[in-house]
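> These protein sequences, in sequence, are chains A and B.
Reminder that position 233 of the first sequence reads as 233 in the numbering used here, one-by-one numbering, no gaps.
If you want the numbering used here, it's the 1-based position in the second sequence plus 1000.
Calculated from the structure, these hints are not laboratory results.
Each hint should be verified, as a subset may be incorrect.
[Claimed, not checked] In silico DSSO-like pairs for lysine-lysine, Cα to Cα no more than 27 Å straight-line:
| # | chain 1 | residue 1 | chain 2 | residue 2 |
| --- | --- | --- | --- | --- |
| 1 | B | Lys1144 | B | Lys1087 |
| 2 | B | Lys1087 | B | Lys1139 |
| 3 | B | Lys1087 | B | Lys1012 |
| 4 | B | Lys1087 | B | Lys1292 |
| 5 | A | Lys197 | B | Lys1144 |
| 6 | A | Lys199 | B | Lys1292 |
| 7 | B | Lys1087 | A | Lys197 |
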Amino acid sequence: MASIQTGASTPGIWYIVGIRLRVWRRGLVSFLRDLWHHPLPLIAGLVILAYLFAAVFAPQITGHDPSRGNLRARFSPPAWHAGGTLNFPLGADDQGRDLLTRIIYGSRVSLAVGLWTVGISVLLGTALGAAAVYFGGRLDQLLSRFADLLLAFPFLIFAIGVMAFLGPGFTNLILALTFKGWVEFFRLVRGAVLAEKNKEYVEAARVSGRGNLAIIVAEVLPNVVQSVFVLGTLRMGFFIVTEASLSFLGLGVQPPTPAWGSMVAAGRDYMLTAWWVSTFPGMAILILVLAINVFGEGLRDILDPRLKTE
Amino acid sequence: MPELLLQLRELKTTFPTRRGLVTAVNGVNLTVRRGEIVGIVGESGCGKSVTMMSILRLVARPGRIVGGDVLFEGRSLLGLSPAALRKVRGKEIAMIFQDPLSTLNPAFPVGEQIREALRLHGLVNGSLPFGLDRTRAEKERVLKVMEEVGIPSPMDRYAAYPHQFSGGMQQRVLIAIALSCEPKLLLADEPTTALDVTIQAQILELMQRINRDHGTAIIMVTHDLGVAAEFCNTIAVMYAGQVVERGTADQVIGDPQHPYTEGLTACRPGISERKDIVPIPGEVPDLVNLPKGCAFQPRCQYARDVCDEAPILMSTVGQGHYVRCIRPGGYVRRPTDIARLGLNA
């Protein structure tokens, strides 16, 4: 039986956050149920899962080595072409490396860049956006003007500049992308928190004795998090394309690590004689980014509670 | 336990604006006893809501409490530290608002929102050590509170979101949140204005029952004199940031002494008998440039020159019945008033 005890110490905001997390766990279950009724995002989600699976289990899926070639198999065509062999289902490149193997390994780079960049950008953007509103005044001014400044540069040119400055490599790639990537999240969160802040439920939370920090973290941010999630998904597609562009320009991950962008670049010279060398990596990018965007749009439809009907 | 629960003493709240200082609450005195229901009545913009927010020190910036005091159980709320104040909010004094839907957080099920109020103030402990079954104990209590405020099948409704409730049910949820910590005082800011009449009656009945069963004192802000007459023990009529008349419901409604109260009762539509609605002429005064004397005097049909000479003080017209008007006294200021205002007789 519950006993009521007065004078107990007031628990802090982590208790409330704990309650929130349990709510979200239940939300995830109902989200998956919703997804079942939206075929397009469901398919897109399965495609993304397939890519993830390929990235994680690459060595188990293919017997080839992604970076060691076989010059006798140079420009071996796809299996269904005359002269093609099942040993190289999608053909081989200029050094006789299996294209399918390289595409599968290449998904590791793309997905890792996408996840890391979005993850760091979301955390940084959300924290700074909430802080800008919470502290207001000078900090808000400073962060907002800095964000405006970054927005003034085209993303790709900016990333090229940063990469040229830092030098190529996986870590630098993520640094270059997040350096500007957080801005979108910052602006989204700052604007949304500013709008939510004046709603009555915030006032009500204050009336029930909650502090400012707890209100931002436990009351306002949960109302913002879905938009952040949707934007995060959509931005992930963009980051993957940007990574591919940088790799295409030779500023991304360095050979012999396979990356889709550099594979497209490598096949460029043989477009007329061996079209498959750059076409298949290009399609890998296309399908993944398309799937991510469709999933992101679907996510938005499902998560917006105002569109949800009983 | 002292009989007096809450005392407002000469409370004054101002808002600086581009046009000048707006005095939204201008020296309000109000007393709430334990278990009493007090109504604050007045038209829009007379300072009712700001008075309520001032009690919990939640006046939105740039508004500021510039004078007076708020005593809760003899302790000044204006002097409390933010941390101590947060312990009073929600636990000792709870509040419900006019628009229940926007007051509930759209992102979480209502049951969890009620439970949070309990958790925030650490009110419920389970029977196992280290709070192992605290969540279960809290849920039990939430269901009990939900049942008490009349939410049917609380088990099923626990996990529902605010937008899945009707207006009346949302208001019940808000009341449940407010009551979950068993506050001594409930501030209700036009709790039934957004609801239709039948639901209004149900909610008022619910609040009355809570007042009876738990001895929770209630301050109810309303612009509906009928609701106030029905529901409140004592009524304070506010005009331009001041209490102009105060007394028991019978005194204020049945025998209004201030011309403004009289006007309010006259502009209520009747249902059983057809009577003409008599509007009060004129407009609410400009809170930046208040008249020197009585604030109501420009709209008052009984006004005389003396009314605008100097501020009018509260005077007694009956047992516990006060009015800020000199007409009942024959337009004559009492010697004590003249002394207090420093006037030449």
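> State the violated hints by number, sorted upward, taking the hints as numbered earlier in the document.
4, 5 and 6
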